[in-house]
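2 protein chains.
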Amino acid sequence: MNKRKLESNRPQILITNDDGIYAPGIYFLWKALKDHADITVVAPAGEQSAKALSITLSQPLHIRKVSWEGNTENLWSVTGTPADCVKLALREILNKTPDLIVSGINRGSNLGRNVLYSGTVGAAIEGSFQDIPSIAFSCQDFFEPDYETASRYIPHIIEYILNHPLPEGTLLNVNFPEKKLGKFKGFKMTSQGNNQWIENPDKRTHPAEGHHYYWLGCQLKRKASNDVWIEQGYITAVPVHIGDLTDWSHLKDKKEHFEKFFPEE
Amino acid sequence: MNKRKLESNRPQILITNDDGIYAPGIYFLWKALKDHADITVVAPAGEQSAKALSITLSQPLHIRKVSWEGNTENLWSVTGTPADCVKLALREILNKTPDLIVSGINRGSNLGRNVLYSGTVGAAIEGSFQDIPSIAFSCQDFFEPDYETASRYIPHIIEYILNHPLPEGTLLNVNFPEKKLGKFKGFKMTSQGNNQWIENPDKRTHPAEGHHYYWLGCQLKRKASNDVWIEQGYITAVPVHIGDLTDWSHLKDKKEHFEKFFPEE
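For the protein sequence lines, the chains are L and F, in the order given.
To get the numbering used here, take the position in the first sequence, counting from 1, and add 882.
To get the numbering used here, take the position in the second sequence, counting from 1, and add 882.
If you're looking for bench data, these hints aren't it; they were derived computationally from the structure.
Hints should not be assumed to be uniformly reliable.
Any copy, or any two copies together, can satisfy a pair, since identical chains are not distinguished.
[What the hints assert, rightly or not] Restricting the straight-line Cα-Cα distance to at most 30 Å, the calculated cross-link-like pairs of lysine-lysine (DSS-like) are:
| no. | residue 1 | residue 2 |
| --- | --- | --- |
| 1 | K1137 | K1085 |
| 2 | K1061 | K916 |
| 3 | K1136 | K1085 |
| 4 | K1137 | K1070 |
| 5 | K1134 | K916 |
| 6 | K947 | K1062 |
| 7 | K947 | K978 |
| 8 | K1134 | K978 |
| 9 | K1085 | K1067 |
| 10 | K1142 | K916 |
| 11 | K913 | K1061 |
| 12 | K978 | K913 |
| 13 | K1065 | K916 |
| 14 | K1136 | K978 |
All chains should be built: construct the whole structure from the sequences, respecting the hints.
Right under this line is the structure:
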């Protein structure tokens, strides 16, 4: 990151995640950015993986100060989801709209359709819905991800996005490839892959009561992936835009037929 | 609903919701359909409003039998989210893929961008992701919704969809207008509106500890709505398709520039 350049305008960055405030990924993100920007961290008090864009309506939300390396300034946990964190940060914690929202670094990839299940990307979607440039960062490794190496590249990506803004309502979904592929080969901006999981719930028996219970998150199979770049060792960046979700083709085909089927009363 | 027609093929329908198995909306849905189709109900044990497409990874899921009017056959609660319910129903509870997944009847509308926050629509998105025709039903009234009247129209909509299938991956998002508008004026198939909420968290003080806490779900304002049909008293049906979310325009514009900014190593 061009330190002088960033310091001259000192961007305001909101950091969040879905693995929770005490997950190592968010700590590395904060460490990578704290000298270059005015950072506020507002992250879930507990793990919120796969919480998508969910928000908390039936429980009140508590905001608590956090301490990292003796720092307590602008570090907060919220007893809710990533989207809750973004909403409370914007309306209750920050004095002004941040220049950027950064979510992660997530433990495990967020590719293909998983952007809609992920809380990490959910926070970035919430940011993009509020017209704030947002980036989600994820490491493909679930076991022992190398956040330190990933976080060395993050200031450069952020510098790029601050200088070359995303279109309104578009977020950037960045994934770092597996460690076993060796040194990162470079960066690719690419389209959303077809990556998706098919659940194979793991059925177990309760030790005392004898009934069955189930664990989700047990992958049966992944659709043959077309995420070729990340599998070849490139850091991938997908611009994601969630706009109008209408199936216009079906609407045009069936509108008249549907409405005639149900005459006005 | 054309009873004979439906009975001759006896469709298999999975019912779920996000207000929870004991919410009145799902009970009216079940009552409206149970004589016309083979119904299995798999719904959240507790309220799961605004849970979006979230799934439960850090807790095990329990499935329990439910009794309605002395019936216990094919009625189940799951200690998770609407999407969890669909996943467990498809992989653990049902013997065959259902012809249709029906979610609701939700307390409160699910219009515009709220389709991505709603657990009701989340269940239908999960169904559409699994290539099963799915319909979400919601009543615009949050206080004292008239589920009974709404549920009289639902068999007709279901009959239509069974006979005029949705495209693969497309769900139908149906909303019933407010009671105060009087008798339903008819049906409109329409596009997704621009309805969105802006949060205004309600800040309160804990009675014993003195710290602040916050309630979300307190609407500051709604963007001027273009959902004209529902506001005029029509039942609206929006075909929703969540496919590739890539911002292709930005990708085409910036791919080369982005990749040149980060030379290969």
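For each hint, the structure was consulted:
1. K1137 to K1085: neither (44 Å within a copy, 45 Å between copies)
2. K1061 to K916: Only inside one copy: K1061 and K916 sit 25 Å apart there, 53 Å across copies, limit 30 Å.
3. K1136 to K1085: Neither: 42 Å inside a chain and 47 Å across chains, both beyond 30 Å.
4. K1137 to K1070: For K1137 and K1070, only the inter-copy Cα distance (8 Å) is at most 30 Å; the intra-copy one is 41 Å.
5. K1134 to K916: The answer is neither: 51 Å in one copy and 32 Å across copies each exceed 30 Å.
6. K947 to K1062: neither (37 Å within a copy, 46 Å between copies)
7. K947 to K978: Within one copy, since 19 Å is at most 30 Å while 50 Å is not.
8. K1134 to K978: neither (43 Å within a copy, 32 Å between copies)
9. K1085 to K1067: neither (40 Å within a copy, 48 Å between copies)
10. K1142 to K916: between (61 Å within a copy, 27 Å between copies)
11. K913 to K1061: Classified as within; 21 Å inside a copy, 54 Å across copies.
12. K978 to K913: within (22 Å within a copy, 51 Å between copies)
13. K1065 to K916: Answer is within: at 25 Å inside a copy they meet the 30 Å cutoff, but 59 Å across does not.
14. K1136 to K978: Between. Shortest inter-copy distance 29 Å satisfies the 30 Å Cα cut-off; intra-copy 46 Å does not.
Violated hints for the displayed structure, listed by number in ascending order: 1, 3, 5, 6, 8, 9.
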